[in-house]
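Following the hints, position chain B against chain A.
Here are the chains, one letter per residue:
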Amino acid sequence: MGNVNDFKFLSERGFQGLVKGLLKELKVYGTIVKDGFPAFGEISAPEELVLSSTPTHLSAKEFFFPQREVLLKFNIKTAAFSPVIESVDQAIIGMHPCDIRALSLMDRVFAAGTPDPNYLSRRSKTLIIGSDCMPDDYCFCKSLGNSEAESGFDIFLHALGKGFLVRTGSDKGRAALLKYAKLRAPSTKEFREFQGLCLKRDSSFKAKVDAPPAELPSIYAKSDESKVWQKIGAICTGCGSCNNVCPTCYCFDVKDEVKASLAEGERVRNWDGCTLEDFAKVAGGHNFRKTRAERLRHRFNRKFRYLSSTFDSLFCVGCGRCSRACLVKINIVEVTNELVSECHNK
Amino acid sequence: METPYQPIAGTVERSIRVSEKERLFSVIPSDPTLLKYRPGQFYMVGLPGYGEAPISITSGPGEALIELCVRAVGNLTNALHSLRKGDKIWLRGPFGRGFDLEELEGKDLVFVAGGIGIVPMRSLLKAVLGRREKFGRLTLIYGSRSPDELLFSEEMDGWRAAGMDVKLTVDRAEPLWKGNVGVVTTLIPKVEVAQKNTVGVIIGPPVMYRFVILSLNAKGLGPEDIFVSLERRMKCGLGKCGHCQINSLYICQCGPVFRMSELKGMVEAI
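Just so you know, the sequences run in chain order A and B.
Just so we're aligned, residue 85 is where the first sequence starts under the numbering used here, counting upward by one.
Just so we're aligned, residue 18 is where the second sequence starts under the numbering used here, counting upward by one.
In isolation and in its complexed conformation, chain A is listed as follows (with noise of 0.2 Å):
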């Protein structure tokens, strides 16, 4: 919850002011509401703006990694290929604990090894605007742990009845704000209130996974032949939702788009999903995960196990995002919680 001092106070006006100035330098997106669901969009007016909700349909990661990117373009009879790397400035409003913790870890991942140009030139022209959230049924960040953002934000706003507590958490954000919006002390009142707030969000948790986080990693080595894969994947559609909603799933298909005119084209990048069932299919046609059971449980491996080592982190951030959008209704926690009662009976 912090101190009072690493807090100031930003009044509804000047929250208007930010935006309204962030919108004259930058492309902004925030979470407002699209058909009835909260999820992120652009924004042309902060009253569009809809803070506190509970989490967005689809994550953030398409403003860094978008579903479909061009990473060269090509001429045929030339044979040329020419980078595109494409970013502009922006600023994403309303990103939650869940989803800041997920772009650091996204951040992590496009760094490593061979850095991705297109990922990082579009992070490094973004200003993160975090924001408290309100859980639902499905929301588990508190068991990982995640439930609160302490850094990978620029500004982080907590909604009081009127007005925001604000944190900054770079110079950019400090500069913005300094630029942008007029910040005072938080009164005793204020800030009483923000604590109330953060202890009803904390009890407002419904799912939670059985084991502390740190085990995880270990309880999913020992259930690679566990029952829970074989009943989920009987379920499984293979429908590829779990990994367009998740925030960390990163992995993406390569291939060429010919134009009309069958003289140009582009290399592109598309979102690839490793619940879909061509995923691990060589050309010859062995498939070296045939079974959707085969595909979760490298899916749920993913998140709590496979990168663990790599990262020193879980994959999953417990959004729950995955499980709301599951047509069959597989649950991450419920699964997750199975193999915890599995490896405790063994």
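All the given hints hold, so there is nothing to weed out.
Stretch by stretch, here's where chain A covers chain B in the computed footprint (C-beta under 8 Å, at least three residues): (1) 19-26; (2) 90-96; (3) 244-258.
FYI, nobody ran anything at the bench for these hints, they're computed from the structure.
Just so you know, these numbers come straight off a predicted model, no measurement behind them.
The beta-carbon is built from N, C-alpha and C at its ideal position, and this holds for glycine as well.
Coordinates of chain B only, in the frame set by chain A:
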């Protein structure tokens, strides 16, 4: 700004049909640093409009040209088959860690290749035969579906002359075939193996690995004594796209060559 997706042009110097489905290309890369590779490494090979695919290197390290042997199985590989002398081909790489020859020095080596597994194996064989005196007894067991599909058969007398026992087998014999008939594992019991000083190297279709490993185990070779090269789908070569992942390993970066002991406990590896 530079992108790791930028391919480097190469020029096809030779394009030879070597079997019904395979063609052997010799390529001069426009950037000579691409010639610095180890046996077992691969390039992402592409053509504008057709995308890229991982293709094993079949030439030996230090050669002046890159040799790639390509089986026509999809859009890209069929398009590659239309390339002739002077045509452009696009490469990124070399990727992966390949074979470390120093680890194999002083050992008897048993190479087991199935189908187009001989393509990357040939790079290793050339490297080993180029420094023949550094190694003990050398045996190649190579199997294909039919005698027609045996690749590089015109080179085998040279390999034998250089001091390697070459044993061939086919799944389906034809009237003129005088050699062994049966899968590669039928030849393994006939190989004399000095326990504790023999290393096995396996490259072949996915179905082959478990059987060959069991046969080598029966000869006294353990997980420390067996190397495999694993095929997987790959889209980037940079350890990011996720297609080649086995547990925490990205095959394009950590492999494709592994000592079996490195794959312990990985249910999907073989």
